[in-house]
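Throw the hints in and build the complete structure from the sequences for me.
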Amino acid sequence: MTTADLRFELEDLYADYARLLDDGPLEAWPDLFTADSLYLVIPRENHDAGLPLAVMRCESRGMLRDRVRAVRETIMFEPRYLRHHITQIRPETPGPEMRVTANYTVVEVLQDELPRILSVGRYLDLVVRDTDGHLRFAEKRVVYDSVLVPNTIVYPL
Amino acid sequence: MTTADLRFELEDLYADYARLLDDGPLEAWPDLFTADSLYLVIPRENHDAGLPLAVMRCESRGMLRDRVRAVRETIMFEPRYLRHHITQIRPETPGPEMRVTANYTVVEVLQDELPRILSVGRYLDLVVRDTDGHLRFAEKRVVYDSVLVPNTIVYPL
Amino acid sequence: MTTADLRFELEDLYADYARLLDDGPLEAWPDLFTADSLYLVIPRENHDAGLPLAVMRCESRGMLRDRVRAVRETIMFEPRYLRHHITQIRPETPGPEMRVTANYTVVEVLQDELPRILSVGRYLDLVVRDTDGHLRFAEKRVVYDSVLVPNTIVYPL
Amino acid sequence: MAEPLVWPDGGITEVPYRLYTDPEVFEREMERIFCGRSWAYVGLEAEIPGPGDYLVTRIGNRSVVITRDQDGTVRGFLNRCAHRGVKLCRERRGNCRMFVCPYHHWSYDARGRLKGVPFIKGVKQQGGMPEDFRREDHDLPELAVATRGGVIFASFAADMPSLECYLGETNTAYFDRVFDGRELQVLGYARQRIPGNWKLMFENIKDPYHASLLHVFLVTFGLFRADQRSQVRMDPSGAHALLISQRGAQQASEHTRDIANLREDFVLEDPRLLDPVKEFDDDATVVMQTVWPNLIVQQQSNTLALRQIQPCDPGAFELHWTFFGYADDDAAMTARRLRQANLMSAAGLVSADDSEVIKLAQDGIEQGGAGKGIMLMGGRGTDDEPHMVTEVALRAFYRHYREVMEL
Amino acid sequence: MAEPLVWPDGGITEVPYRLYTDPEVFEREMERIFCGRSWAYVGLEAEIPGPGDYLVTRIGNRSVVITRDQDGTVRGFLNRCAHRGVKLCRERRGNCRMFVCPYHHWSYDARGRLKGVPFIKGVKQQGGMPEDFRREDHDLPELAVATRGGVIFASFAADMPSLECYLGETNTAYFDRVFDGRELQVLGYARQRIPGNWKLMFENIKDPYHASLLHVFLVTFGLFRADQRSQVRMDPSGAHALLISQRGAQQASEHTRDIANLREDFVLEDPRLLDPVKEFDDDATVVMQTVWPNLIVQQQSNTLALRQIQPCDPGAFELHWTFFGYADDDAAMTARRLRQANLMSAAGLVSADDSEVIKLAQDGIEQGGAGKGIMLMGGRGTDDEPHMVTEVALRAFYRHYREVMEL
Amino acid sequence: MAEPLVWPDGGITEVPYRLYTDPEVFEREMERIFCGRSWAYVGLEAEIPGPGDYLVTRIGNRSVVITRDQDGTVRGFLNRCAHRGVKLCRERRGNCRMFVCPYHHWSYDARGRLKGVPFIKGVKQQGGMPEDFRREDHDLPELAVATRGGVIFASFAADMPSLECYLGETNTAYFDRVFDGRELQVLGYARQRIPGNWKLMFENIKDPYHASLLHVFLVTFGLFRADQRSQVRMDPSGAHALLISQRGAQQASEHTRDIANLREDFVLEDPRLLDPVKEFDDDATVVMQTVWPNLIVQQQSNTLALRQIQPCDPGAFELHWTFFGYADDDAAMTARRLRQANLMSAAGLVSADDSEVIKLAQDGIEQGGAGKGIMLMGGRGTDDEPHMVTEVALRAFYRHYREVMEL
Ligand code: FES
Ligand code: FES
Ligand code: FES
Ligand SMILES: [Fe+3]
Ligand SMILES: [Fe+3]
Ligand SMILES: [Fe+3]
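The listed protein sequences derive, respectively, from chains A, B, C, D, E and F. Each residue of the first sequence is one higher than the last, beginning at 1 in this note's numbering. Each residue of the second sequence is one higher than the last, beginning at 158 in this note's numbering. Each residue of the third sequence is one higher than the last, beginning at 315 in this note's numbering. Each residue of the fourth sequence is one higher than the last, beginning at 472 in this note's numbering. Each residue of the fifth sequence is one higher than the last, beginning at 879 in this note's numbering. Each residue of the sixth sequence is one higher than the last, beginning at 1286 in this note's numbering.
Be aware that one or more of the hints could be misleading.
What the hints assert, rightly or not - Computed far set for chain D versus chain F, every beta-carbon distance over 12 Å:
#	residue
1	R568
2	S578
3	V594
4	V657
5	Y680
Claimed, not checked - Here's a subset of chain D near chain B, in silico, CB distances under 7 Å, partners left out:
#	residue
6	G659
7	S816
8	A818
9	L820
It should be emphasised that the hints constitute simulated quantities derived from the structure, not laboratory data. It should be emphasised that the depicted structure is a prediction, and the values quoted were computed from it without experimental measurement. Where a beta carbon is used, it is the ideal one built from N, C-alpha and C, also for glycine.
Printed below as a string of structure tokens:
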């Protein structure tokens, strides 16, 4: 059984994750990952079939930063608001290296449109205590059930 | 006031509940209930009016298993993914017998369709410490606000 | 770092907040606020642009009660069910005065209609230990991303 | 219509798919079938026991109010204010003497007659309605109402035949079998929005052929089998039908081998799910009655339910279930009805097959290109048949449909 | 149209429900009313104070860009690239010299004139536009723009009369009452999508009859009462209207008894919610002005707001609220305006009644079958009236509507 | 159609916006283009390697089953039961010998031939099909199937020319360049629902003009530049096209100044995102092939993908991506393909620009009022061109489109 403090530290990690994506600054979001982290956004059908193709694949914190910079400077997209709900945050194993699963939904609001569900699915994460003492994601697999994507996923999920 | 450990144990019970329904194995889901548990999925209008009719009524763990087997072997339905969000998990009373309330939403994804809300409502539960020391549901009332069901509820909510 | 008990007390405050709005009694909802509390429901575009206009602005618990009474006695509206999900409840600062942020979604069910997202956004709150020892909201800013409101917001969010 | 609809050569053995998708056909159905010369089910007397009690429901695409007036008579009217069209009643159920529109508080009595118009004479000699304004010119369309055995039917047509002659002898008799005068007790409601054309629901219930194949659960537990004793009976018009059958045992037979995934080894861990007791005088264990244009009366073992069909558009309808028992049921019987309800409605171990297959039918039909369904099982006739290997009730339904729709 | 629309015999006292549901009527309204010979409200000068500032809004079903050019003149053009139709501007507000389409970077100036076409001459002597391609043939449709008191109006018609003669004398005078030249300060926005036909919004605001009945909150606190001093005034065309009234006291009267659920005992726990101060020279406490085709100017005690109507389809419109005050308001006045805003917009203690009743009206109207609403309160005339027990402004509106729509 | 569509004078250099919004045009496109005389992409042989393997996909608005029969031949048929229209196959992929309809268990073989009808002879001498019922009259429409290099195409037309002569020489050659006989390995799928007309997707891919302007990421890293060596090649019919280009370096040039927001200083923190290796014999680094009516074959550096277009309605289509490599790829190459996939599909650093701009185009086009897009870049011709400053492939597409649609 993990201790209460660790559980709350974990809850806060996910809260920070959500806030940085929904309210920014997006530039700070990669700092929640370890330097050599793996970040995947993968459709559930691929995940279940053992197919490797992900729609986002970042194999280092640097690649996360490149993705963020592209969102900021090169990708053309309509303005939108996003809002995360991350629930059932469940550490499978105690200790410094934790397998954590959680469910998520991201609601998208395009200008002058009604809110809609952009993506729904689960996180399959590996959370570690980094050298500086902070909890960080060493792996984050975003497995989305909403296989048919409503147009575009611009921001990370 | 319940202790932290008990709260997290409770959170984990609900996380396991969601995971077994969303990601399986469905067969393990009845084990979260006591042998003589009561499980109801009931529209809010019936619940509020004191009408007993539920769309799912399992009066024992055996009946839960019969329901699961029917889903697996006899019911014909389109493939779908489901995802739970269970929030505001609130134990009303401390101790071995806990009245617990929570809010839930289940998002449904049919093949090649966009995600939609299948059901939204609250759980009115009785959680007990079972003989083997595990927390289990002695009662679970799923009271759904979404009275008009979008087609079919195949899996338990 | 806040203590576990305080965290759970906080979780329960938000659970009670959701339950009183979704399941009532609505009349008890203002008691979750301090006598001179500030409650705002404000579109994200105004909040971000520094524009003060809120669609609900209650500058005291009395004004909250006036709002509740109007809902009960004077406003004409179609019957509806609402359901909150409040997640990523994040106390920014420990101690008796806590800045707390959280994400929320409110799902609305109108009679004989399918469920839909009424509002999605975040709470920017100030939670204090009131004279009687209870945690209460001294400030609550409901900043909604769903700028285009689907018809009417009758109940507080 | 855009291009006139040409019915296929097969006549009532063939149904053009356009009937399930064309908005103009749908409009015509609302006018002629639901809001025309038919008795539509609207509720139970037990739901509005006292004076002033009312309920709001839908006939076709129109909202209606059904209420009991101060003399105890059941009345009904269109739920639309005569002033500027506002939907008067917002609650599903309630009690009131007068129905007051929220917009300008025009008020109507139990028959929809306009009784009050605020400021009709103006205020301080100013404004108000013109001299020649006569309240009685603005009553709401009143519905004809008929009740039998506690069940309420209503019609937009003023000159309807009696319910008995509308149903015909046989269907009246079986209707009375369930609604035998005992006081009814509502056990609860279930509501679904099914993404298919409303006729697919009737086709489904009038079709005993599918039951012994699609419903593996039924067959597995011998609740319904192709080799059971059974009959299909219609009224003379073909509008209504009865499927009557008698429960068999849980055993394989030459006629179950067709069922791909029959589960002979499926034994219930908790048999209370299925512990039917005989409660009617005949041998029938299942009687499914379809009443034109919007009702299904179901007696499946001890589950008693009314299903009301409310069309939304060509591709969707709402199905509103009312489960009931009798006021004199003992606790054991009520418990039995509630447990057996697991087989029915939105999460029904059996009816889930139907709502799912109806969606698949609509999905298949909407693929476009010309197309038609065929209904040849049991031949081409429309007469009663003493078995369930037939689509005769569907043919009879479409014979009547074509008459009413003039298609 | 499919079947030509026949107007009922009652003329402007009767409105056929088809006007609220027919897509062809809607298309015609977009063309003739919103994108035809009318001055549509598009924003405030205070929203684009500097050169290059722009805002994007909608006139009817068309997206338009309103911007201030480098000389400070307000300009407008259709927000659709001349190349392949892309919606040029994506942000609600911003600042730029040239408007660059994201697809191929064609660029337009403040008047929508095409100024840049990348690779127009090709690259390395290859490709590019043909010899006879002339940029000036591909300018975007420019809008006529008129401003008054800091309010911006635009039109797709080039030869519009002046705003003053469009509004007429009285409406111009009352318009100037609020927009008196003082600098405006935007307090914020609120936006709703209301599931009703856009005309229902105008009907609602032009109808003082409902205010004293539907709005229990208003009546309870004497903010609006059938027995108040008040008047309804139109411009000669009937397109625009003014509802002018004067606050009464919180007390019952013979004229409040009609209001079913008046709450005489309702006393505010925090009276700051309603502490109006007089700020205009006349006695009017409420002036509601409707300006054809898309604007409502509201002065309700100290709440000042513009409501812009953006139709979506026959069954829905967006309502965009801009709340404002004056640059010279003191803190107390600003606080007052913000508190009184509780009565208005998406969660308004008063306007919630309206958005809800508009949905109920659309729900009732869409039930199908022929039908029509009636507007006889206050007689059949269209002249100004010195009281609020009348639907005169609706009749005037539909008189003008029929002329413009040729229906 | 309601009013006959009149094509603008500009001929194929002008496209009327009604083509993107009119439901009747859409219906006609489904009939004539997708379900007419065309070879539609339906999948890869690698997806159904063994006998009985099947996949379900869509051609136009029709669901089809593609399966490998017991002899190993690829077959296809319409996914709609002949009995009452039910969508037979519900799973995206699977394996079975016979296809059994869930409703009444009619069963079909790999060619859609009706093989089994339960109770066809009735039960106990009762019911069953009439004497003259012949199973073979109720086979499902079979599809013509052609395969090349492991790619499967199907057609509702029985008498199609060979795939080679359908594609034409050049397009066949480039098709073979990627599908060179090596075994393919599916790396995974991505699926999008894009709110735009399906033709906007083809316009986008056939348009090299936009790539050097819209795709700042491509230009920034020299992956695609207006001044690169490149060519646009069509087949004789104009239906298919090839965009072939050669990667440049990351440097500014006179031709990049047009790009408002080029990021010359953008250096990747992790360059592995872009580490292409040459894997084909020619110099082309990007080859985008569009195959009428529903396929895009993409070789962008080392990302290989097929994009299948499935129209939903005039305003939306689904885009189904299949990423693949070769069975003999080493781990490094697979890793490279997977990393470079970051540029493509639902979250593509490059293709996000396209799905977003397609929505903006549809939004702009749907604003109503007459309107047309223009395609004059590179002149008015439809011949191959050795550069990318041209819309020639769009003109060729619409030349063919008009022939097929007879518009
Ligand atoms: S609309 Fe009903 S009273 Fe006016
Ligand atoms: S569409 Fe605007 S530049 Fe091409
Ligand atoms: S619909 Fe397929 S077998 Fe009856
Ligand atoms: Fe059935
Ligand atoms: Fe009002
Ligand atoms: Fe592109």
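Quick rundown of the hints versus the structure:
no. : hint : verdict
1   : R568 : holds, 49 Å
2   : S578 : holds, 43 Å
3   : V594 : holds, 45 Å
4   : V657 : holds, 32 Å
5   : Y680 : violated, 6 Å
6   : G659 : holds, 2 Å
7   : S816 : holds, 5 Å
8   : A818 : holds, 4 Å
9   : L820 : holds, 5 Å
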